[in-house]
Amino acid sequence: MSPSSRDSAAGAGWHGQEPGQEPGHYRSLMPERTTHISWLNPVTLWKARNGVVASLFGDPTGADRQRWVRGQLDRGVAPDLVVERDDPDTFSFMLLADTGEGDAPQYAVVPGFLKVSEGTRFAVLSSDVIYPVGSGDEYGPKFFRPYQDYPAPIYAVPGNHDWYDGLNGFMRVLCDAPALPPAPRPAPLSAGWWRALLWRRPGSVDERLLAEARRLRSAPEQRAAQPGPYWAVDAGPLRIIGIDTGLLGDLDREQGEWLRRVSAGPRPKVLVTGSPIYVDGAYKPCAIEGGGTVDDIVRDPACHYIAAIGGDIHNYQHYPVDVDGRTLTYLVSGGGGAFMHATHTIPRVAVAGVTEDDFRCYPLRGDSLAFYSRLYGRRLRMRRFFELTAEQAAAVIAERLGVAPTRETDAPVTRRTRLVASLLGVPGRPDTGRRFRLPVRKIYAQAFSPGSTTYTPPFFKSFLRLDVTPDHLRIRCFAATGHRTEELAPPVEDDFTIPLR
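Quick note on numbering: the numbering used here labels position 139 of the sequence shown as 139, and the sequence is numbered without any gaps.
There may be inaccurate statements among the hints.
As the list claims (entries may be wrong) - In silico EDC-like cross-links for lysine to aspartate or glutamate, where the CA-CA straight-line distance does not exceed 16 Å:
hint: 1; residue 1: K47; residue 2: D137
hint: 2; residue 1: K284; residue 2: E257
hint: 3; residue 1: K115; residue 2: D59
hint: 4; residue 1: K284; residue 2: D296
What the hints assert, rightly or not - Distance ranges between label pairs, derived from CB positions:
hint: 5; residue 1: P182; residue 2: D495; range: 19 to 29 Å
hint: 6; residue 1: D471; residue 2: P184; range: 33 to 43 Å
hint: 7; residue 1: E221; residue 2: P79; range: 21 to 31 Å
hint: 8; residue 1: R253; residue 2: A196; range: 36 to 46 Å
hint: 9; residue 1: G292; residue 2: V43; range: 51 to 61 Å
hint: 10; residue 1: E254; residue 2: R374; range: 41 to 51 Å
hint: 11; residue 1: A191; residue 2: K284; range: 38 to 48 Å
hint: 12; residue 1: G292; residue 2: P184; range: 22 to 32 Å
hint: 13; residue 1: K284; residue 2: D495; range: 17 to 27 Å
hint: 14; residue 1: P182; residue 2: A489; range: 38 to 48 Å
hint: 15; residue 1: R200; residue 2: P178; range: 13 to 23 Å
hint: 16; residue 1: A78; residue 2: R27; range: 16 to 26 Å
None of these hints come from the bench; they were simulated from the model.
Think of the CB as a built atom: it goes at the ideal place given N, C-alpha and C, for glycine as much as any other residue.
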């Protein structure tokens with residue numbers, strides 16, 4: 001394997017111009033024409049309006065999800081949406097999330113993913129299969145084409161972007177479900193009536209395009225019998241449970257009751273969710289309608305969870321949390337292809353007993369700051385002021401957070417690097433006071449950052465390989481930079497083992 005970002009700047013992907021370095025071959029996998037998604041485009045923002053409308057006038061996701069699931073049960077899917085596989089006690093599977101923009105960063109993940117996935121039995125795609133609005137007509141270039149050479153089934157849980165289409169594309173393509181009949185009309189002038197006025201209705205799926213796309217993954221061993229938007233997969237000694245957190249990141253009552261049922265029993269379990277429970281140094285336990293949270297179930301020792309893995313945030317984060325003397329692993333793993341969310345805005349970690357020494361992230365905060373400094377320098381036409389080298393960024397991160405740099409650096413921390421770090425949202429230690437920052441984490445991450453996706457390496461994408469034995473689960477986070485070196489031997493950015501017994 002190649003050196004990782006923890007070993008050197010070259011391992012992080014900052015070596016693209018050095019002699020002998022070859023660009024990745026991922027471009028040969030891409031369609032001749034790709035469309036770049038711009039979240040600054042008013043047309044795109046209008047198409048993706050349902051999340052805002054739901055927060056203002058009530059979220060119909062729970063009721064629609066129940067209709068989808070009841071329709072699937074009526075068509076004879078497995079009771080309790082459990083997929084029973086015939087995997088041996090020792091096997092491996094892949095996990096990636098937030099993939100479907102259909103451009104260079106997504107395809108840059110594919111060569112390394114195919115290399116690392118050799119011998120795996122299936123893959124799980126957690127959150128936001130298709131950007132921007134989950135359209136069924138976009139599955140060809142954003143799902144079937146990039147993963148056409150992965151020889152095993154792919155199971156998926158939807159993200160909020162898949163719900164911008166009412167889950168219509170997701171259910172038609174991945175669950176082979178017909179479209180929902182129209183919902184009853186709400187009473188005039190009710191909140192539902194106002195919501196219906198603004199709501200983006202799902203489009204119809206072009207069956208000719210879908211049939212053509214399906215040919216790319218038509219081998220019998222590639223087909224996944226996915227029963228619904230949430231499911232449980234029994235594989236070897238492990239049960240993997242995928243939940244659907246909808247538009248606003250919560251569960252309806254019916255799915256909550258189902259989750260409690262399928263979580264019972266002594267079998268070790270891994271939760272896969274579109275909404276991570278620990279993220280950016282904060283705790284988000286995921287509410288269930290009627291009371292309780294998803295994390296209440298994960299923490300219940302009678303349910304025997306060992307890990308909870310969430311997408312939605314486009315980077316990698318690892319929180320080993322002690323719960324009454326046992327360690328539960330909480331991961332963010334959303335680096336499968338979409339634009340990169342900053343890690344340099346994550347404060348020094350101190351949550352649920354997890355300290356900075358326990359925490360892992362990818363990209364490293366210094367690499368994230370260097371990456372974003374280039375974006376701001378280019379967009380604001382102030383490169384000489386904003387742009388930081390990876391070494392400069394690592395040094396100022398170490399100073400502001402009061403931590404040792406992950407990679408050794410002798411770069412001086414100057415007045416300019418401190419100012420750039422402050423402007424780009426790097427938190428200071430509590431004794432440094434509050435400083436002005438550009439809105440990186442909130443406004444920038446929601447609007448400007450997606451529109452500023454870079455289409456040349458390094459990309460800082462990631463995916464997971466999970467190796468299961470009767471006694472333990474090994475999880476490795478692999479990086480995809482877009483360079484040929486890392487395609488041939490993807491770097492390992494995190495590697496740890498969880499006992500199953």
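So which hints don't hold here, by number, going up? 2, 3, 5, 6, 8, 9, 11, 14 and 16
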